[in-house]
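Here is what each chain is made of, one letter per residue.
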Amino acid sequence: MIVRRVGRFFDERLGSDAWIRAACAKIYPDHWSFYLGEFALYSFVLLVATGIWLTFIFQPTAGGAFDSVAGVTRATPVAYLMRQVHHWSAVVFVAAILVHMARIFFTAAFRKPREINWVVGISMLILASLTGFTGYSLPDDALSGTGLRIANSVLLSLPLVGGWGAALLNGGSYPGPELIPHLYTIHAYFLPVTIGALLALHLALLTYQKHTQFVPDPARVVGRRFWPDYALRTLAAFFATVAVTLILASAIEINPVADYGRYHDWTIPNPAVPDWYAAWLEGALRLGPALELRIAGHPIPAVFWPGVVLPGLVIALLVAWPWIDKRISRDDAATDVLAPATTAPWRVGVGAALIAAGLVLTLAASDDQQARALHVDVRALVNLYRGLFAFGTIAAGIAAAAIARELRVRYDERGHEAERVVALRRNAEGGFDEEETKPA
Amino acid sequence: MFVAAAIAGALLYGQHCASCHGADLRGSVNAPSIRGAGAAQVDFWVGTGRMPAALPWVEEGHRRTPFTREQIDALIAYVTSVQPGGAAIPVVLPGGDPRRGRTLFEQNCEHCHGAYAQGASIGSSEWAPSLRDASRVQLAEAVRIGPGQMPPFAEQQLGGRDLDDVAAYVESLDAGADRPLVPLTSSGPVPEGLLGWLAVGLLIVFAFGYSRSSR
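Chains as they are written, first to last, in my numbering: chain R, 1 to 440; chain V, 1001 to 1215.
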């Protein structure tokens, strides 16, 4: 009754019935991998909800930031839970984005006409990592201050503009009085609003261009209607995300800044690593060569190569991938049908090599902890990871491509087998007779 | 009394130490001279079980000492009787201020030993040990003598009061059982990241099972 009245109110003014009907009839593909992006989406919802709460507690000033976060303890249980959920969601959020992206990559869902949405997705991954890093830095604790010191050094290594950029960010020299207020503006306003806008674009493009699907029938869209079927399923995905995050948040203490202590530029905790999604950059800095150049009298410090050039190349590669893929596959036809990963072993190889490279760099970020646990020399691990980064990634790519090729061959052989359809008929003795039937 | 202890110490020294440090305490190719080492040195190295080392080239961590308190005192008496001098065993008073100790710990100790005094790598194959097994006197001895890679701290850098406070802080870490949630005290973001990925793994299992069920 009320629903109908509200519905009529909006329909008479906006003509909303038509697009509500269309939205309810939208078909969602029925495959587990289509939930991966939803997990990221719902982590973002949790992040925004808890983040709004935290803005009421956090004091974005150089002096007040640490106390306002360290003051969140068991004495303030709701704020404590909000902070726990917020940080754990961030850890889950970026991981969910990556697995979603891996599915898009390996099934070639980025192909024409969806290149734009791939670039939108990559942009959100970068912005999500930046949001994570700036958020992790806000409490002004000794651990994150160490990360900011490194980030500041990387910023300074930029030729020509580095010094000015760092001075602007800090409001002076590091760690300047404006650093925390600037980070707060970036973390709490600029980045989430931008991610929200890109997310809206991401979903709008997805709706407009329709989902991809595994069913190899370009003429039909196969899946479940939004209402009443998929709406409840996506609600279940939402609750699953909330449940997993809440279990972590209510059981395990994350980022205990009160233990690390307030940051001073002479403190550094040991060991010191960033959150996992920034660890590959830390690892790159640890493995990077001590290569310091002077170009026209201008010094290019060693951190420039692993700190600026490497992530720049990775981002360029990811953004350009749909067009690189076109060049390799010589396939620029528009398609809505996903390619099973094994149909293009070379793509599997490239993806596996990228994952291996990320894994090696991430592992290298905690080489000191591994050295202590294994009782080996840190330098031996550094050299091991350098070797793995140079050659192990290529080997992983070749191995993955070979496996994919082998799987494709076997799949093809079994594919013919599977077309033989047999009907079983019970006979008078209680046994079964096979009856060959024609393929449907 | 001192003479009797020194004689007992000489016997222990001959059995456990002389093979490397030499009958005259001047050391050998395997070990440094310990003439004039002083009470704090002997008490620290023997009391924390680092000496006697089973193999001279293997650096031992903190372990249970095989000696009794009287035996350690006898060794100290012997070593200081051969050549007096060296730092005395520092006195650490109870009732230090852990809050002040925390600040001092941040300024002087955390860089190597970690925020939880849990120990950490300090580059190459060296690591700063955990302080959680050390007694407050052993902690103060290490500060004064600077064993291994650790720099010694003079009275002017960390006074006796300061050491009381630092010891009180490190002891308060052990009493930190009153935490509402499970703390990942060893290395923060590493287990946090692993658990985050485990959560995403659980979500993938959910998605996989859910899309197959109730078609």
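Derived by calculation from the structure, the hints in this document are not laboratory data. There's no promise every hint is true.
To be verified - A partial selection of chain R residues facing chain V, derived with a Cβ cut-off under 10 Å:
1) 211
2) 237
3) 240
4) 327
5) 328
6) 329
7) 368
What the hints assert, rightly or not - A few chain R positions that, by computed beta-carbon distances, are all more than 10 Å from chain V:
8) 18
9) 36
10) 88
11) 248
12) 372
Beta carbons are placed, not taken as given, at the ideal position from N, Cα and C, and that holds for glycine.
Evaluation of the provided hints:
The beta carbon of residue 211 of chain R is not positioned within 10 Å of any beta carbon in chain V (closest approach about 14 Å), and the interface hint is therefore violated. Contact between residue 237 of chain R and chain V, as hinted, is supported at the beta carbon level, the nearest pair being about 7 Å apart and thus within 10 Å. With its C-beta approaching chain V no nearer than about 5 Å, residue 240 of chain R sits inside the 10 Å limit, and its interface hint holds. Interface restraint check for residue 327 of chain R: the shortest CB-CB distance to chain V comes to about 32 Å, outside 10 Å, so the restraint is violated.
The criterion of a C-beta within 10 Å of any C-beta in chain V is not met by residue 328 of chain R, whose closest approach is roughly 29 Å, and the hint is violated. The interface hint given for residue 329 of chain R is violated, since its Cβ lies 28 Å from the closest Cβ of chain V, which is over the 10 Å cut-off. With 10 Å as the threshold, the beta carbon of residue 368 of chain R comes within range of chain V, its nearest partner Cβ sitting at about 4 Å, so the hint holds. Distance check on residue 18 of chain R: its Cβ is at least 30 Å (rounded) from any Cβ of chain V, clearing the 10 Å threshold; non-interface status holds.
The beta carbon of residue 36 of chain R sits about 7 Å from the closest Cβ of chain V, which is not more than 10 Å, so the claim that it is off the interface is violated. Chain V draws residue 88 of chain R into its interface by the beta-carbon criterion, the shortest separation being 7 Å against a cut-off of 10 Å. Not every CB of chain V lies more than 10 Å from the CB of residue 248 of chain R, the least distance being 6 Å, so the non-interface label is violated. Non-interface call for residue 372 of chain R relative to chain V: violated, since the shortest CB-CB distance, roughly 4 Å, does not exceed 10 Å.
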